[in-house]
Amino acid sequence: MTVTIDPPVTAPPPTRDAADVVRRARRAPIRHHRRLVAGLVLVVLGAFAARVLLGDYTVTIPDFVRILGGEQIPGATYIVMESKLPRAVLAVLVGMAFGIGGAIFQTTLRNPLASPDIVGVSLGASAAAVSAVALAGWTGWPVSLAAAAGAVGVALLVRAVAGDHGGFRLVLAGIGLAAAMQSVIQYVFTRVDEWDVQLVLRWLTGSVNGVAWPTIGLLAAVLAVLLPATAWAARSLKVTELGDDTARGLGVGRGRTDLLMLLGVLLVAVGVAAAGPVAFVAFLSGPIARALNGGRTTLLAAGLVGAVIVLAGDYVGAYAFADLNLPVGVVTGAFGAPFLLWLLARGPTGRRAA
Amino acid sequence: MTTLVPSREDVTAPHGGGPARRPALPVSAAIAVAVLAGAGVLSLLVGARAVPLEAVWDPSHPLHPIVQVRLERTILGFAVGAALGLAGALMQGLTRNPLADPGILGVNAGATFAMVIGMTALGLTSMGQFLPMAFLGAAAAAVLVHAIASLGRDGATPMKLAITGAALTAGLASWTTGLLLADRKTMESFRFWQVGTIGGRGFEVLLTGLPFLVVGALLALTGARLLNTLALGDDLARGLGRRTTRDRLVIALAIVLLAGTATALAGPIAFVGLVVPHVVRSLVGPDYARVLPFSMLAGAALVVVADTVGRVVLPPSEVQVGIMAAVVGVPVFLALIRRTGRAL
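In the order they appear, the protein sequences are chains A and B. Letter by letter, the first sequence follows residues 81 to 434 of our numbering. Letter by letter, the second sequence follows residues 1140 to 1483 of our numbering.
Keep in mind that the hints were calculated from the coordinates and are not lab data. Some hints here could point you the wrong way.
[Said to hold, decoys possible] Under 7 Å between C-beta atoms, here's a sample of chain A residues computed to sit facing chain B:
1) Val241
2) Arg249
3) Ala253
4) Ala260
5) Ser263
6) Gln266
7) Arg271
8) Leu404
9) Leu406
10) Val410
11) Ala414
12) Ala417
13) Leu420
14) Leu424
[To be verified] A few chain A residues that don't get close to chain B, going by computed Cβ distances all over 10 Å:
15) Val123
16) Ala130
17) Gly220
Note that the structure is a prediction, hence the values are computed from the model and not measured. Where is the CB? At the ideal position from N, CA and C, for every residue including glycine.
Using the sequences and the accompanying hints, generate a full structural model.
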């Protein structure tokens, strides 16, 4: 992950004390990052446990272990294996995918507003996926392929419209396309014969409710390929952050950046294919992880933050209101939008905020 | 630009084109009215079941009831389209922002959210009760978006306004969905309204909203001179003796009345208010005394044509006018972003 951009040291070695100070100063962020990731992993585990064990039906830890071992406990087995556990697992996977995908966008485009859920990439994936599901009757991996095609299509279109100007022009083009994609999704809804609330919630706002294990398995398998690839491609991220020209001067061409962006688009697309465009997770995770990491970009922490957000959002949506089961996308949207407004109000032009 | 105040003879395109040869005012007006009439007739005749022309005036014709239903729908379309076109032109003038539109800047979303609150929490049922809620929501959203976008060094740039509007729309959409989930019955009746539709709304709905539309349109049309002066910038406008704050309030009130009523009547329809003023300006020049009335006519024609095309474009189902408006509007939006480029 770290790239040394300094020229090799040719000056005579400094005194021991000075070298020590430099070394310590350089190690501090790395150590801080390690501590942060460890802490976030603990938080994810805690939220995961809360999501599976607590709520309106409490499961004790010994019971949970027995259920995982295959034992049938009347009532509890069904609730854990068909509702709580798949939701929690999907929340973690989707949160990771959105968090990392969003952080890739925000870092390579150097604009916290340019996250895939704001520039229409998530909704593009969703529009393609819902068309495949509701109009063509597809299931399984073809849906993910359709979602990926939709996401890549929107991403390319945004880039074509924005041209070389990144920044606000790109964000605006994305907002326009997001509106168009929303219209496509709504059109698909009017085409289905029966008004299916679950369908609407999944593809318009995002929901981890009622997802079958095969879908989750597919997502996990795809992520098992995409995440290592992202880690490999992200080695040059710190250089990319310095801007196109500087990065090229330091030997990182556009090809590497484009590959990283493509991986980001794919991460978001497979997440959408499984759970729909959960609002603002991709947008929120990057800046939060960055702030926690002392202002340094970190994809891993962004993914973990995304997992926490989706887990917490799903928990709030499921249990905060007694007789109301809100999908996670409604919760994240309702609380993510104020954060976006705050970011807009705070930053001079939004660039490099948070 | 040789003169500061655009006169009727020397009008220049808003985006830097030279003085263009334009048709005289009566010709433009005649064309606009003809287009409008053509759109109306098409809307009566075209649909899932095509209707011959004689059924329109022959009450005994077997297809006459269809014409009647379509007539209600067409009139509603005219009213909503005129309101949206006018509101868009007003917003673009008021914020000096080529990307302004009641849909993009979150005003429609505010009206929608307030109406859903009214339905679910306050138990409102009739259009007469919805309208005040819609106005409240529209006004609150407009103020909020403008206030947030104005913060920071560079003030309310078109970019910041649009992004703030999109953020507010996204957040309010989530809250709206949450409220609707708690109340499935309202959700069912919301299904088509939420997309933006003028079909099957009935005539009395329009009659309730009409007074507000008329007041809004009158306020707007008297505001043409205010907008022309505001276009010169606040300092200059004040120097010319305008009370800019009061002027802005009058225009903002008109926008809230027009956009709020249109949303209450037909649902949140975006992009009509964006596209129409740009097309109109390229035809009649930047003088708001012309842009405003022509935006009304063009908005009405656009909504009715979009609705008519939506009926037949993808049979057997109908494509709602809100979706058709996005189909037309998004390419224009993208083209505007490209053209305005770095100036934004």
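>> Given Val241 (chain A) as an interface hint, is its Cβ closer than 7 Å to any Cβ of chain B?
In response: Holds - the Cβ of Val241 (chain A) comes within 7 Å of chain B, reaching about 5 Å at its closest.
>> Less than 7 Å between beta-carbons is the criterion; does Leu406 (chain A) satisfy it with respect to chain B?
In response: holds (6 Å)
> Taking the minimum C-beta separation from Gly220 (chain A) to chain B, is that value above 10 Å?
Replying inline: It holds; Gly220 (chain A) is separated from chain B by about 27 Å at its closest Cβ, greater than 10 Å.
> Does Ala253 (chain A) meet its interface restraint, that is, does its C-beta lie within less than 7 Å of any C-beta in chain B?
Replying inline: holds (5 Å)
> Hey, does the Ser263 (chain A) contact hint survive, CB to chain B under 7 Å?
Replying inline: Hint holds; Ser263 (chain A) Cβ to chain B Cβ min 4 Å, cut 7 Å.
>> Is the claim that Ala130 (chain A) lies outside the interface with chain B correct, judged by CB distances over 10 Å?
In response: Answer for Ala130 (chain A): holds, closest chain B Cβ roughly 22 Å.
> How about Arg249 (chain A): closest beta carbon in chain B under 7 Å, or not?
Replying inline: At 6 Å from the nearest chain B Cβ, Arg249 (chain A) passes the 7 Å test, so the hint holds.
> Does Ala260 (chain A) pass the interface check with chain B, least Cβ-Cβ distance below 7 Å?
Replying inline: Interface hint status for Ala260 (chain A): holds (4 Å vs cutoff 7 Å).
> Just checking, Val123 (chain A) versus chain B, shortest CB gap more than 10 Å?
Replying inline: At about 24 Å from chain B, Val123 (chain A) clears the 10 Å cut-off, so the statement holds.
> Does the CB of Ala417 (chain A) sit less than 7 Å away from some CB of chain B?
Replying inline: holds (2 Å)
> Should the hint that Leu420 (chain A) touches chain B count as held when the rule is a Cβ pair under 7 Å?
Replying inline: holds (4 Å)
> With a cut-off of 7 Å, does the beta carbon of Arg271 (chain A) approach a beta carbon of chain B closely enough for the hint to hold?
Replying inline: holds (5 Å)
In terms of the numbered hints stated before, the structure departs from none.
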